[in-house]
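Engineer: Single-letter residue listing:
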Amino acid sequence: MSETFADRHGTYGVMAQFQTPEQLLAAANRAYAAGYRNMDAYTPLPIDGLAEAVGFRRNWVAPIVLFFGLCGAAGGFGLLWWISVIAYPHNVAGRPFNSWPAYIPITFECTVLLAALSAVIGMLALNKLPQPYHPVFNVDSFCKRASIDRFFLCIEASDPKFDVTRTKAFLEQLNPEEVAEVEK
Amino acid sequence: MPSLNTEELEPRVIDPGPDKIIAPGYNNTTVTDKIANVVLNPIETTPKQWWISLLLAFIAMQGLLAGATWLFYKGVGVWGIVIPVAWGFAIVNFVWWIGIGHAGTLISAILLLLKQDWRTSINRFSEAMTLFAVAQAGMFPILHLGRPWLPYWLLPYPNSMWLWPNPRSPLIWDVFAVSTYLTVSLIFWFIGLVPDLATMRDRARKEWQKLTFGALAMGWRGSAKHWARYQMAYLLLGGLATPLVVSVHTVVSFDFAISLLPGWHTTIFPPYFVAGAIYSGFAMVVTLAIPARKWFHLEDIITMRHLDCMGKLMIGTGLIVAYGYMMEAFMSWYSGNPHEMFMYYNRATGPYAFFFWMLILCNIAIPQWLWVTRIRQNITMLFIISLVVNVGMWLERFIIVITSLARDFVPSSWGMYYPTQWDWAVYVGTLGFFLVLMILFVRTLPSISIFEVREVLHHLAPNISDGDNPVPAPVHGD
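Listed in order, the protein sequences are those of chains A and B. Here the numbering used here is used: position 101 in the first sequence is 101, and no number is missing along the way. So the mapping is simple: the numbering used here equals the position in the second sequence, first residue as 1, plus 1000.
Treat the hints loosely; a few may be bogus.
[As the list claims (entries may be wrong)] Derived pair list, reagent style DSSO-like, types lysine-lysine, alpha-carbon separation capped at 27 Å:
#1 Lys-128/A - Lys-1210/B
#2 Lys-1225/B - Lys-1210/B
#3 Lys-184/A - Lys-1210/B
Derived by calculation from the structure, the hints in this document are not laboratory data.
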């Protein structure tokens, strides 16, 4: 369904700002315990356990890298085998066409190349980056401090339990520095 | 009578000594300001030494321009390469530059896996060094091609001649190893930069800076879910780059070891090339980090601890290299093969003996001073030793490439190699190009990983996160 004008103007969620990562982590746990599911936390440095606290369960990066690494290995070896055995069989000093030990270095490099590219591209794709616009940047203090020294928790309007007034009140009692409504 | 001048008004930057990886008193806000301001400060505040170095490096870079132009016009005959020494400066420089890159990957990947906290302040910087060094290295084989407009013939691609490269040749392995290394180094470096680019986007004061950093940051917003995937990807890249870096110089050493030439055909080459690569790379990191931290007053983030650790790693890798030289000598004697025995005798007493003994002096003898803590922790001495090691490692590559080719099996085919001015022009040119890139990098991108320094701060003192209510900071040098 395409986005209409009405969808674009509304509330994305409610955002609370915290001073320390410990406060944010505690708040995220409380919010999850209170039944909120659609939320995200924003920090200027990675915090252990925070992703799990906001309901992040399955990290697909490692399986993707394994898959593409294996593709790289198979593709690299297959290419060399195909070149030397099928496409351009060439007798070099009586060696067998499929002299596989000589293919190992390139097979290894292809494995690493595909695995590394898939790690980066896969991570960016799963994170839906590059993303030129995101509603959280509508909060002034988020733009100024989220990438520097403040820790944010945003409960999103898509959550079934979300209600602007009540969610705001809930976040207020978690000892934030500031609570703000996030426009879409 | 000294009056109050502006220098006295500037905050004093104090190196906290060899025990601390960051000066006390920093929090997330101040450390962000400190590193970001190196980039965001107006152009007038750029230190004078930066401009002078940029100018000198830029002048040196013209050597590459002139050398490459003349080379493309006339052909490889303008170089000193002859038969039998068909691999001259181009291959010496290629191996040297690739090797320098290795320390960057070691710092960013291997020390990441080993959880060395001192890696944090220097990893971005050394990754950039890797990238720029590999870029220099990558030019040499192409310049050396004779027909430098046809490098794509090295790649396996369907062509009208229905010809394919021979995958049993180490020279083709090299193509894959070096191009993979460059690609992986580039993405490792860029992905490491993304959260910091977001910081720069939010700190930037000028509109064009906001736009540039904003586009490069790709909309990074520090979401916890993003961080989880990011850290997994970064860890996996570290795990992939670690065997990669070992493989690259191994493959480079195969270029020599797979051949039958005395002095090249030896199994010690792969480990000894890798150790030598890391040795020269650390020397280059020290050479570059010492001036950079001084120009931009970063002594409290790149501390004596970092320099001390790198000094120690230089001794360690230097000893592996020394062991490699010893084994070369031992094996040439133990083999009982007259050509092998002559090879070592020729290195030590032949026409290039002066460079051989200079190499022993630069790579083995002088760096032993690093055992002495007072010398290792003396900035000037460390800087000088790092330059000596850079020269020594270049001489090592020179000795390996030139002496074995100049005098192989049949005395009637022996010859001598003398580099020409164009060899020197291209070499000095790449040094200039490398330095231009490094000098521009430290001023235009955050050369220290800001978010990783924040992590270090978080581990050191979990409560210091706040710029508004700082925990009382201990006095510098406490």
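Engineer: So, against the hints stated earlier in the document, which numbers end up violated here?
Structural biologist: none
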